[in-house]
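The whole structure should be built from the sequences, with the hints applied where relevant.
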Amino acid sequence: IPFKLPFIGEDTTAMSTEAGINSKIEDGANVKEPLPSSRRIPAALAFVFALTVIFIASPVLFSAEVDVSEELGVTSIKDRPVIRGSNSNSHVAASSEATSNVAAGKDSKMKNYQQEEESFSTLAAIDTKQLLQKANMAKDQMEDQLKREYGDDYADMIFHEHHEIINISKVSEKRLKRKMQLKLLGIGGKEFSWMTAGHSAAAAHGNLYHQSYTQSIEDIARDVFASVGLELKATNFAMGGMRSGPELCFCMEAVYGSDIDVLSWDFGMTDGRDGWKLSCWGARASALPSRPILALIDGSAGRFSQLQPFELEGGMGRFQMDFARLSKLVTDAPVKSEEELTPAVKYLVCDKKIESTGPCNDFKFNTTEACSRDRIKGQTSWHPGWKVHMLVGRVVGYFLANTLISAVNDLHAMHYTKLDSWETISKTLHDEDISDSLKRANITLPDLKMNVDGMDSETFASLFLSRRNMCRISLRPARSRFDGILTGTGNVGNFRYGFDTGLKERDAYGAEPVEPNKPVPMAYVATDGSACANATQIDFSDFFSGSWTRWPFIICVSKLS
Numbered sequence: 001i002p003f004k005l006p007f008i009g010e011d012t013t014a015m016s017t018e019a020g021i022n023s024k025i026e027d028g029a030n031v032k033e034p035l036p037s038s039r040r041i042p043a044a045l046a047f048v049f050a051l052t053v054i055f056i057a058s059p060v061l062f063s064a065e066v067d068v069s070e071e072l073g074v075t076s077i078k079d080r081p082v083i084r085g086s087n088s089n090s091h092v093a094a095s096s097e098a099t100s101n102v103a104a105g106k107d108s109k110m111k112n113y114q115q116e117e118e119s120f121s122t123l124a125a126i127d128t129k130q131l132l133q134k135a136n137m138a139k140d141q142m143e144d145q146l147k148r149e150y151g152d153d154y155a156d157m158i159f160h161e162h163h164e165i166i167n168i169s170k171v172s173e174k175r176l177k178r179k180m181q182l183k184l185l186g187i188g189g190k191e192f193s194w195m196t197a198g199h200s201a202a203a204a205h206g207n208l209y210h211q212s213y214t215q216s217i218e219d220i221a222r223d224v225f226a227s228v229g230l231e232l233k234a235t236n237f238a239m240g241g242m243r244s245g246p247e248l249c250f251c252m253e254a255v256y257g258s259d260i261d262v263l264s265w266d267f268g269m270t271d272g273r274d275g276w277k278l279s280c281w282g283a284r285a286s287a288l289p290s291r292p293i294l295a296l297i298d299g300s301a302g303r304f305s306q307l308q309p310f311e312l313e314g315g316m317g318r319f320q321m322d323f324a325r326l327s328k329l330v331t332d333a334p335v336k337s338e339e340e341l342t343p344a345v346k347y348l349v350c351d352k353k354i355e356s357t358g359p360c361n362d363f364k365f366n367t368t369e370a371c372s373r374d375r376i377k378g379q380t381s382w383h384p385g386w387k388v389h390m391l392v393g394r395v396v397g398y399f400l401a402n403t404l405i406s407a408v409n410d411l412h413a414m415h416y417t418k419l420d421s422w423e424t425i426s427k428t429l430h431d432e433d434i435s436d437s438l439k440r441a442n443i444t445l446p447d448l449k450m451n452v453d454g455m456d457s458e459t460f461a462s463l464f465l466s467r468r469n470m471c472r473i474s475l476r477p478a479r480s481r482f483d484g485i486l487t488g489t490g491n492v493g494n495f496r497y498g499f500d501t502g503l504k505e506r507d508a509y510g511a512e513p514v515e516p517n518k519p520v521p522m523a524y525v526a527t528d529g530s531a532c533a534n535a536t537q538i539d540f541s542d543f544f545s546g547s548w549t550r551w552p553f554i555i556c557v558s559k560l561s
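Here the sequence shown is numbered in the UniProt record's numbering, starting from 1 and rising by one per residue.
Just so you know, the hints here were simulated from the structure itself, not pulled from any lab data. Source: prediction; values computed, not measured. Note that beta-carbon positions come from the ideal geometry of N, C-alpha and C, so glycine has one too. Any given hint could turn out to be false.
[Stated by the list, open to error] Pairs of lysine-lysine, PhoX-like flavour, derived with a Cα cap of 25 Å: (1) LYS147 to LYS233; (2) LYS174 to LYS233; (3) LYS346 to LYS328; (4) LYS129 to LYS427; (5) LYS134 to LYS147; (6) LYS147 to LYS346; (7) LYS147 to LYS352; (8) LYS129 to LYS139; (9) LYS139 to LYS174; (10) LYS377 to LYS353; (11) LYS336 to LYS353; (12) LYS129 to LYS190; (13) LYS174 to LYS418; (14) LYS147 to LYS174; (15) LYS439 to LYS147; (16) LYS418 to LYS170; (17) LYS418 to LYS134; (18) LYS129 to LYS439; (19) LYS170 to LYS439; (20) LYS129 to LYS174; (21) LYS427 to LYS449; (22) LYS174 to LYS439; (23) LYS147 to LYS336; (24) LYS147 to LYS353; (25) LYS336 to LYS418; (26) LYS170 to LYS449; (27) LYS439 to LYS427; (28) LYS134 to LYS174; (29) LYS174 to LYS190.
[Unchecked claim] Estimated spans, in silico, between C-beta atoms of each pair: (30) GLN308 to VAL492: 35 to 41 Å; (31) LYS439 to ALA324: 29 to 35 Å; (32) GLY490 to THR331: 46 to 52 Å; (33) ASP274 to GLN308: 30 to 36 Å; (34) SER462 to LYS346: 39 to 45 Å; (35) GLY275 to VAL492: 33 to 39 Å; (36) GLY490 to LYS328: 30 to 36 Å; (37) ASP351 to HIS210: 26 to 32 Å; (38) LYS233 to LYS174: 21 to 27 Å; (39) GLY275 to ARG373: 20 to 26 Å; (40) ASP431 to GLN308: 23 to 29 Å.
Right under this line is the structure:
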């Protein structure tokens, strides 16, 4: 459905649809015609003022525009917005011109299968026996590495008992393995993606960026995935000081992307007792086209139980990395002399506590390879050091690698024990995936604890949690920033280079006031350019600016028809 994200003060009834932004229906060459202006929302400005009240007290400096498109129902990732870039070289945020095709009817597919135009009978058969041999060889090498890093005793104690640290039900394990199996069969691409979402501790503040548990996951499990032809890609989009809702929940796709296999939640320190934010997170994740497995990096049984309805009723998968259990396992380990300990466990536990007293606190961080000074920003008591990050990542990566091998084993049994053809196996897994996706209609949407004038909480939740949202968001890291979607230029970059930055922070304060039909200036918060800053700072509160004002609210435009 062609649309244009409006700016402050823009007349939404006069938005142009002549930017060449038309969307082809995937099953033919028909082109969606623009919606008549009479069907566009006349109440956009009402949302602006209503939600300004909600977010004006936010301690985080941000701004985003949200367009809630047609109800998701059953759609394909192929219906993701298609961005057509402008030729503007301006570093001022322009309108994100995008389209979001939404297929109607219950017969539409829910997944982005890269080979779905081919029949299942043409999918290449895989040699699961050979894959198992390669995977088990890679696993042996992984376990050898863990023994070198932690010593034989600690490695056996921690990783062979990982089932006590990772909490996952049989049904969620099956759904996780099915994601892997479909990729092994060539359905859905060969990349298996992990996305870390969380606060400053998850972002590895106080450490070097590559010391995060996200990088540790990829480092330990990468070769096992590669042995069976898959690429494990773990990405860290955690942001200091952020809560999981409402902004990150509502704008999940704009920040983290839509093609995610596992999406983590590590906001325990910032969300506190606001349980509705985790429920919001689960509901929004179920609306993502890829319907990722939810990974809770948290030791709270209560929080994990909050995700249970999405598993039982909504067809989602979930698991928990229980740091409380991991801590107990490590602190209860027999005490050894320093000479017997490897660097990964030396000074990890002191007086039955992790990284908190004596030499364990003194040797908590190690950033000297990039930072000349002894201490850097973020080296606090509430941020874990490199050894904890490494351990958490190793446990999760070991779990994912073993789950992958189990997934290959199951495929092998289906074909060689049950004598099912690869065509039958592929179709069965695909149909099971579609069946689970349809269960999303059973999800009871959470109470978002928000009061919006003229709208009850149930309607508000339905509006923001059961449709695909389009957000204009300035925070980094974010997919819409790095992929050039926010500014409409299509400039693709990464954490440091290539993407559109915006005004320098000091220039934003003197920018002209926002005028109707004009782009909202976006300010870029930069590092000092040093090697230390570039190695440690990856998340920033860039912001939209109006003269001397930073805008801490979300501008919403919703399509109710």
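Checked hints:
Under the criterion of a C-alpha separation no larger than 25 Å, the hint pairing LYS147 with LYS233 is consistent with the structure, at around 24 Å. Of the pairs offered as hints, the one joining LYS174 and LYS233 holds, with about 21 Å between alpha carbons and a cut-off of 25 Å not exceeded. Straight-line distance between C-alpha atoms of LYS346 and LYS328 comes to about 17 Å, which keeps the hinted pair within the 25 Å bound. For a cut-off of 25 Å, the pair hint linking LYS129 to LYS427 stands: about 21 Å separates their Cα positions.
Of the supplied pair hints, the one linking LYS134 and LYS147 holds, its CA atoms being roughly 20 Å apart against a limit of 25 Å. Note on LYS147 and LYS346: the hinted pairing holds, with a Cα-Cα distance of about 14 Å set against a maximum of 25 Å. Proximity of LYS147 to LYS352 is assessed by CA-CA distance (about 23 Å); at most 25 Å being required, the pair is judged to hold. Between LYS129 and LYS139, the direct Cα distance comes to roughly 15 Å. Compliance with the 25 Å bound is thereby established for this hinted pair.
Of the pairs offered as hints, the one joining LYS139 and LYS174 holds, with about 21 Å between alpha carbons and a cut-off of 25 Å not exceeded. The suggested pairing of LYS377 with LYS353 holds, with an alpha-carbon distance near 23 Å, which does not exceed 25 Å. As the CA atoms of LYS336 and LYS353 are separated by approximately 15 Å, the hinted pair is consistent with the 25 Å bound. Only pairs whose Cα atoms come within 25 Å are accepted, and LYS129 paired with LYS190 is accepted, the gap being roughly 19 Å.
Straight-line distance between C-alpha atoms of LYS174 and LYS418 comes to about 18 Å, which keeps the hinted pair within the 25 Å bound. For a cut-off of 25 Å, the pair hint linking LYS147 to LYS174 is broken: about 29 Å separates their Cα positions. The straight-line distance between the Cα atoms of LYS439 and LYS147 is roughly 43 Å, outside the 25 Å bound, and the hint therefore fails. A distance of roughly 21 Å separates the Cα atoms of LYS418 and LYS170; the hinted pair therefore holds under the 25 Å criterion.
Under the criterion of a C-alpha separation no larger than 25 Å, the hint pairing LYS418 with LYS134 is consistent with the structure, at around 23 Å. As the CA atoms of LYS129 and LYS439 are separated by approximately 34 Å, the hinted pair breaks the 25 Å bound. For the proposed pair LYS170 and LYS439, the alpha carbon gap of about 18 Å is at most 25 Å, so the pair holds. For the hint pairing LYS129 with LYS174, the CA-to-CA distance comes to about 21 Å; that is within 25 Å, so the pair holds.
With a C-alpha separation of about 42 Å, the suggested pairing of LYS427 with LYS449 is violated against the 25 Å cut-off. At most 25 Å may separate the alpha-carbon atoms for a hinted pair to count; LYS174 and LYS439 meet this at roughly 16 Å. Proximity of LYS147 to LYS336 is assessed by CA-CA distance (about 16 Å); at most 25 Å being required, the pair is judged to hold. A threshold of 25 Å between alpha carbons decides the hint, and for LYS147 with LYS353 the separation of about 23 Å falls inside it, so the pair holds.
The hinted pair formed by LYS336 and LYS418 fails the criterion: a straight-line CA distance of about 50 Å is larger than 25 Å. A hinted pair counts as satisfied when its Cα atoms are at most 25 Å apart, and LYS170 with LYS449 does not qualify at roughly 33 Å. The straight-line distance between the Cα atoms of LYS439 and LYS427 is roughly 19 Å, inside the 25 Å bound, and the hint therefore holds. Under the criterion of a C-alpha separation no larger than 25 Å, the hint pairing LYS134 with LYS174 is consistent with the structure, at around 22 Å.
Taken as a hint, the LYS174 and LYS190 pair is honoured in the structure, with Cα atoms around 19 Å apart against an allowance of 25 Å. Distance hint for GLN308 and VAL492: a CB-CB separation of about 38 Å, consistent with the stated range 35 to 41 Å. For LYS439 paired with ALA324, a C-beta distance near 31 Å keeps the hint of 29 to 35 Å intact. Take GLY490 and THR331: their Cβ atoms lie about 51 Å apart, and the range 46 to 52 Å holds.
Here the CB-CB span from ASP274 to GLN308 is close to 18 Å, at odds with the stated 30 to 36 Å. Taken as a hint, the range 39 to 45 Å is violated for the pair SER462 and LYS346, whose Cβ atoms sit roughly 53 Å apart. Taken as a hint, the range 33 to 39 Å holds for the pair GLY275 and VAL492, whose Cβ atoms sit roughly 37 Å apart. Between GLY490 and LYS328 the CB atoms are about 50 Å apart, so this pair departs from the stated range of 30 to 36 Å.
As the Cβ distance of ASP351 to HIS210 is approximately 30 Å, the hint placing it in 26 to 32 Å holds. At roughly 23 Å, the beta carbons of LYS233 and LYS174 sit within the given window of 21 to 27 Å. A C-beta distance of roughly 40 Å is found between GLY275 and ARG373, which places it outside the suggested range of 20 to 26 Å. The given range of 23 to 29 Å is respected by ASP431 and GLN308, whose C-beta atoms sit roughly 25 Å from each other.
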